[in-house]
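Protein chains in written order, with the numbering used here: chain A, 1 to 281; chain B, 1 to 184.
Think of the hints as simulated: they come from the structure by calculation, not from any bench.
Warning: the hint list may mix true and false statements.
What the hints assert, rightly or not - Derived Cβ-Cβ restraints for the label pairs, each shown as a range:
| # | chain 1 | residue 1 | chain 2 | residue 2 | range |
| --- | --- | --- | --- | --- | --- |
| 1 | A | Gln-223 | B | Thr-177 | 26 to 36 Å |
| 2 | A | Ser-162 | B | Glu-47 | 48 to 58 Å |
| 3 | A | Asp-49 | B | Asn-45 | 40 to 50 Å |
Owing to the predicted nature of the structure, the values given are computational and were not obtained by experimental measurement.
Cβ coordinates follow ideal geometry from the N, Cα and C atoms, glycine included.
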Amino acid sequence: MKEIHVDKIVDAVEELCLTAAYDLGKDVEDCIIASKEKEESDFGKYIFDQILENIRYSREERLALCQDTGAAVFFIELGQDVHIVGGSLKDAINEGVRRGYKNGYLRKSMVIDPVFNRKNTGDNTPAIIHIDVVPGDKLKIILMPKGGGSENMGRLAMLKPSDGLAGVKKFIVDTVKIAGGNPCPPVVVGVGIGGTMEMTTLLAKKALGRKLGEPNPNPQYAQLEKELLEEINNTGIGPQGLGGRITALAVHIEYFPAHITGLPVAVNLNCHASRHAEVVL
Amino acid sequence: MSEIKKITTPLTDDVIDSLQTGDRVEITGVIYTARDAAHKRLVENYEATGELPFDLKGQIIYYVGPCPAKPGQAMGPCGPTTSFRMDAYTPAVLGLGLKGMIGKGQRSKDVVDAMIKHKAVYFAAIGGAAAIISKSVKKAEIVAYEDLGPEAIYKIEVENFPCIVVTDAKGNDLYVTGPQKYAR
Ligand code: SF4
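Assemble the whole structure, with the sequences as input and the hints as a guide.
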């Protein structure tokens with residue numbers, strides 16, 4: 001049994017909030033640089049340049065890359081041989097978020113109640129926390145702050161098995177078309193296929209956390225990712241929706257076996273500010 | 001890409017006539033920030049009292065909810081938010097004299113019709129380029145609805161704030177024509 005004190009978790013989460021907000025992952029930056037080379041439109045190139053300048057400036061000045069520093073979405077991998085002491089894991093994560101968003105000058109974007117009381121909670125809590133128990137004695141904390149502009153353009157469909165591959169593809173491409181310039185393209189397209197309704201949505205979110213541009217290990221899905229990326233870029237939506245070659249930086253698919261009657265598909269879009277940071281305790 | 005046009009606020013009809021979809025501009029002067037919660041209150045308060053927290057004539061509203069400013073900054077990172085959330089209120093606000101809007105994403109037909117009717121222009125700033133945009137902001141003060149936090153209305157002074165004219169006062173829309181050019 002390994003003991004981890006909650007104080008250590010609070011500190012780690014506070015630090016993750018800052019890293020994610022200020023310092024865009026190298027994988028994302030490299031993908032943006034590579035995509036810029038393929039852009040043909042003048043506005044598109046200009047937008048890519050501005051995005052890259054912004055990435056560097058925010059990293060150097062320790063400023064938030066985007067003012068929407070998001071809902072704080074966590075994926076926790078909790079080793080089954082870890083014993084957390086001194087308090088609760090969820091409280092510790094929320095305390096880390098509270099401190100990180102305050103001390104890091106990050107925007108607080110959560111409201112108390114979605115319908116009846118849309119008053120800001122003032123500290124960006126509660127965090128959205130997904131916990132998975134895994135073998136081992138480590139605690140892995142992954143933070144993916146998620147902005148509203150791209151989150152709000154996501155969609156879920158409970159397709160029929162007869163809709164098949166063509167139906168899946170159409171739903172995904174249509175989602176990007178409907179979103180247009182709203183999710184700050186170039187986007188990352190996270191797709192979940194299979195499982196049940198809630199699971200396919202979670203898979204779509206998880207897909208956004210994959211190292212950018214790394215294909216699915218299953219060759220059939222890797223091929224599908226490639227085809228979808230091409231189709232999406234052929235829409236012409238382009239950077240910021242103003243027209244161009246590059247609408248998406250990557251398509252990531254995660255899948256799971258499905259029920260005999262169902263073919264659920266979820267698309268979770270992320271903007272070019274595709275932020276994630278992780279730590280292992 | 002066209003030459004950059006330098007414009008100042010408040011906007012005059014002559015300036016608005018000279019702006020065309022696809023123009024790059026740099027805006028200098030006072031502009032106001034407001035998002036959906038502020039729009040809702042602005043329109044509802046006006047209907048109830050006939051009063052506005054600031055004179056809208058010729059002004060530009062920037063759809064933004066900034067980060068808190070770090071010491072030494074006038075305003076924290078402040079990129080545009082998605083404009084369609086304001087669409088329900090925009091025709092009313094244009095009727096009160098608003099001449100320009102800065103945001104991101106396509107507007108509804110009602111908004112574009114109201115823009116043509118009232119002669120107004122819609123600019124896009126680059127979504128997600130929030131840290132560099134904050135360099136253009138020289139001064140910021142809250143003028144209304146402080147309780148809304150990041151959604152309060154700020155009066156801000158900007159210098160050479162880079163934007164693109166996406167929808168001009170004739171209703172031409174780069175969100176429609178731009179993608180058409182590159183669709184395969
Ligand atoms: S969609 Fe992303 S880049 Fe655009 S404003 Fe929201 S968080 Fe920022």
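Now for the hints, and whether the structure bears them out:
1. Gln-223/A - Thr-177/B: 26 to 36 Å: Distance hint for Gln-223/A, Thr-177/B holds at roughly 34 Å.
2. Ser-162/A - Glu-47/B: 48 to 58 Å: Roughly 51 Å apart at Cβ, these two residues keep to the hinted range, so it holds.
3. Asp-49/A - Asn-45/B: 40 to 50 Å: holds (42 Å)
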